[in-house]
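2 protein chains.
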Amino acid sequence: MGLKTAIMAHKPARVYEVAFWDPPKSGKDRSKGIVRTGTWASCPGFIDARYPFTTLLHQGLIERVFIADLNKNGVQIQRPWTIAGFTSDEKANPEYPVTVQLEHVDGTSSETIQARYLFGGEGARSFIREQLKIGIKHIDPISHVWGVMDGVVKTDFPDIKMKCTIHSAHGSIMVIPRENNMVRLYIQIASSTDPDFNPRKTATEEDVQASAKRILQPYSIEWERVEWYSVYPIGQGLADRYTLDHRVFLGGDACHTHSPKAGQGMNTAFLDAQNLAWKIHAVESGFAKRSLLETYEPERRDVAETLLAFDNKYAKLFSTRPPAASEVEAAGNNAGAEQTEEENAFIKTFKEACEFTSGYGVAYKPNALNWSPSHPAAQSPLVHPQGTKLRTGRILKNADVTRVVDANVVHLEQEIPLNGSFRLFVFAGKPSTNAQALRDLAANMVKKNSFYSSYARPDADRVSHHERHNPHSMFYTICTIFAEKRSSIEISRDLPPLLARYREHVYADDRWDRLFPDASAAAHAKMGLDQEKGGVVVVRPDGYVGIVVALEEGSGTVDALNAYFGSFCTKKLGEITAQLA
Amino acid sequence: MGLKTAIMAHKPARVYEVAFWDPPKSGKDRSKGIVRTGTWASCPGFIDARYPFTTLLHQGLIERVFIADLNKNGVQIQRPWTIAGFTSDEKANPEYPVTVQLEHVDGTSSETIQARYLFGGEGARSFIREQLKIGIKHIDPISHVWGVMDGVVKTDFPDIKMKCTIHSAHGSIMVIPRENNMVRLYIQIASSTDPDFNPRKTATEEDVQASAKRILQPYSIEWERVEWYSVYPIGQGLADRYTLDHRVFLGGDACHTHSPKAGQGMNTAFLDAQNLAWKIHAVESGFAKRSLLETYEPERRDVAETLLAFDNKYAKLFSTRPPAASEVEAAGNNAGAEQTEEENAFIKTFKEACEFTSGYGVAYKPNALNWSPSHPAAQSPLVHPQGTKLRTGRILKNADVTRVVDANVVHLEQEIPLNGSFRLFVFAGKPSTNAQALRDLAANMVKKNSFYSSYARPDADRVSHHERHNPHSMFYTICTIFAEKRSSIEISRDLPPLLARYREHVYADDRWDRLFPDASAAAHAKMGLDQEKGGVVVVRPDGYVGIVVALEEGSGTVDALNAYFGSFCTKKLGEITAQLA
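Line order of the protein sequences matches chains A and B. Each residue of the first sequence is one higher than the last, beginning at 1 in the UniProt record's numbering. Each residue of the second sequence is one higher than the last, beginning at 1 in the UniProt record's numbering.
Note that these hints are calculated values from the structure, not bench results. Incorrect hints may appear among the rest.
You can't tell identical chains apart in this list, so a pair holds if it fits in one copy or across any two.
As the list claims (entries may be wrong) - The list that follows gives simulated cross-link-like pairs (lysine-lysine, DSBU-like), each with its CA atoms no further than 30 angstroms apart:
id, residue 1, residue 2
1, Lys289, Lys397
2, Lys448, Lys571
3, Lys365, Lys389
4, Lys261, Lys485
5, Lys11, Lys485
6, Lys32, Lys485
7, Lys348, Lys485
8, Lys485, Lys154
9, Lys72, Lys11
10, Lys533, Lys448
Next up, chain A with everything else stripped away, as it sits in the complex (with noise of 0.2 angstroms):
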């Protein structure tokens, strides 16, 4: 989305470990203080993470970005409304069909509007999702009273810097380091495991430092300033529905929520809310049927209950048994390796959690956007190619890549930006060997009825030559990487001109990777595409794997390209006389 510098520009803390804290095993001092019982990464090797840490940033700075990045764009948010009531209908009004009943929170002004969506990102106490009496499932009957609190401190602790889970005989605590000195404490105050549980229990600042102090013994803490401050109470909750009518959806906390420890709370909603745009303006702009929406729940709900899965399998393998340091090692160190049965259940559970958090573990079910052996585009021969390491539904894999225009380097699951377009990453392999295959890859796009033509822009002949991204469609962008060093590319001549215009977006497949340390072409091994022959990569507008297709000779890898996007998009593709054959 193009908002990383300014979010970085905030000087967010990173996490690149995470220390874990327990009672003293042995000794005389047993019952007594806390010692360090191991650390871990929290994007381990094994992950191919571009960015190996946890960023962590005050939400509200957060949210300013995407704020001014919207402003930009001529969108002005209006704060604080909120919604006194909704109705949605589209049979009375088939292009506006919901009615909004807006009020300023003050109360001095109110407004009714007619939109074409709702979106309901309230919170877990969400007044759409009541109005739409949407159930909650609570996954794990246990819910938790939290303190947190912000600030800045002064103390002998020694990972004050670092994320660290504390167990200890007075309670347990959550460290996050955060921006400009601050440190954030999760405590729990009370769960309803408690014999005397109230959820509507409540502490001081006073009585959760007092807390915070008796289970950081023997190091000593003082607080020189508190920035914020709250007691929640939570459970793992889960919204029965996303929508009901595909007009009005629900999404971040007012479907799931969980404990905020692994901090997955605003990061969730956020690819709930990405998920839910660029189908609404694939719909909406006249490329996908309506029905794309109905993949919105599905996709979506399913990771949230992932989500809670593991949150509560975290919760647990933490307060049964701190892991050993053996363990956090072999677990950390096992980069690139093939998973081997003898992993127990404990570098198991590590990997999924750190694979989930960082995002890397999101994985979308079969659907008409992510292929699978029954989606209509299976019955090519050429889908998904053997060999392929890609798995449809999950996000592309990183790759540096040499841009043959300019000679940068660059993060080529980066080039493309997230402006609604679906992404094809035509592998080109040795441009000797696919010289025909990418002619004939060009020539059956051009073709009438084509997934390409039949989006083409109208206005395509008068698009400056600096349009990068989409000079020939608004749905398309093509990106061409040859296993080749860059010095041996010519552009004009190894590529047809329809993938030529792509100037921009031609690479070179000649980075060194650390995963691929003997591969001459890393990029097109971690795909796990043929070397000479390549292949061509669907990535969905939201940066998620839709399908792979071997790039041939002849009209099938566009007919097989053809039947992935028929399977969801507006119009009838394919020529009539390659159907019929």
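Dock chain B against chain A, hints included.
Leaving out everything else, chain B in the frame of chain A:
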């Protein structure tokens, strides 16, 4: 200086490679058109550069970043004012010896101020230099008239996003990519070697565009927009002096002019200013003797001399013959290898050129700041221990290390900001081996009359515990780097309190380095320091290595540091007994 993020936010062009275009050598079109004869890296692998590319951005945008940073620190830049006259008389006014008459350029106001210093960075036609009657030596008697044009073009020339040197039967041109799809073209309009040379020769925009069109044949080029255009005569010149009285100084183009081809004008000017600035700070804050200012001219004039010689060589290299592709490859791939006798002149010049333009080639000669065998500190046998690969007067080598308190992977050479402090990098080897040596280092540093305690902060007991860089002294910051895994380091156990106080500057040398793939402590290895015994590296406030001292038990290490700092600081350092021994 912490300005990278602000500069990169402007999305400057990045030059990773330079392309050479020449008339074809063979074929029937021998005298027609141009062909690419080779490309080379801006920063080839043999330079261990942190950012292996050249960043290209409008000088005005870079200035704005500096001005914004000055504002943030309470300094307002007043423009446009000019200097109408000045005098300097240390006898009449020892504290503010410089009298300057300022005039607003619109003539509405004028002002006379008393200043401690005056810095003339007003370009090649410097009024201050003229007033001081400082001459300019023309090293290369040839001068040129250059046309420079910034604009947005439409072209099928494939390397328009690259830096290119183009020779053709119709003349020569340099192509420099810029931010926002712009391209800068440098065209040599006239040379003093021309029979009818006129240094006032000019050319219109249209002339230059017509010339560019001829040179780029068979490729086409059209201008969509011209942002800026200028014609100016320039020769190679070097001022005889940079100062007469060490109160009024010159820098930048006022001291050195040369062809714009290597993009070294602004960069050399910045380093002039930076070199002088920290020295003035050191003198005015009472740390260094006034004679420190006498190192400005020799250090920076020597760099300018090297720059002019390089500029000359560079120009000749390309006017006589283009490099063969094989030569470029041989030079570029020679990563980390030792220089061999067989290297030809081309490769040698190429290496020098790359080192120079990357900034890694700046080499200050021996003086009080830059240790050499004739330095007063050379009496100590601990100075410049055998094996060290650091060269005094050169920039500190880059190294990735892990910060112990938060496990962040950081760039060691950037960990101490440019704030006037000398940077003491204590490469501490193995904690077990060096426990006593570290204790002795700390014990001798706190002794009366040591380099460290002599410049203690008067408010040291009231400094916030959040102060990372200067808890004890405004003139020193200490980093300790252990040749050990992060998880094995315990700051309170492994460091004496004085060094432990710099807890955010304690690092584990446990990161892999491409140049030392087999080293278990790559930072120690690349500095050439024993990974058991370590060593102390003193880096000047501007990032250049001052001295390297062995880390040994006893007082020897601090004695050597006292001798080093004592050669230019204001106080007499070292204990009487130590000096007698």
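For each hint, the structure was consulted:
1. With identical chains, the CA atoms of Lys289 and Lys397 are at most 30 angstroms apart within one copy only, with a shortest distance of 28 angstroms there and 58 angstroms across copies.
2. Proximity of Lys448 and Lys571 under a CA criterion of 30 angstroms is satisfied intra-copy only: 12 angstroms inside one chain copy versus 85 angstroms between copies.
3. Taking identical chains as interchangeable, the C-alpha atoms of Lys365 and Lys389 lie at most 30 angstroms apart only when both belong to the same chain, with a minimum of 17 angstroms there against 55 angstroms between chains.
4. In the homo-oligomer, the alpha carbons of Lys261 and Lys485 lie at most 30 angstroms apart only across protomers (27 angstroms), although the nearest pairing inside one protomer, at 46 angstroms, exceeds that limit.
5. Taking the shortest alpha-carbon separations for Lys11 and Lys485, only the inter-copy value of 26 angstroms comes in at or below 30 angstroms, while the best intra-copy value is 37 angstroms.
6. With identical chains, the CA atoms of Lys32 and Lys485 are at most 30 angstroms apart between copies only, with a shortest distance of 28 angstroms across copies and 62 angstroms within one.
7. With identical chains, the CA atoms of Lys348 and Lys485 are at most 30 angstroms apart between copies only, with a shortest distance of 25 angstroms across copies and 39 angstroms within one.
8. For the homomeric pair Lys485 and Lys154, the shortest alpha-carbon distance between copies (27 angstroms) is at most 30 angstroms, but the shortest distance inside one copy (54 angstroms) is not.
9. In this assembly of identical chains, the alpha carbons of Lys72 and Lys11 lie at most 30 angstroms apart whether taken from the same copy (22 angstroms) or from different copies (17 angstroms).
10. With identical chains, the CA atoms of Lys533 and Lys448 are at most 30 angstroms apart within one copy only, with a shortest distance of 27 angstroms there and 73 angstroms across copies.
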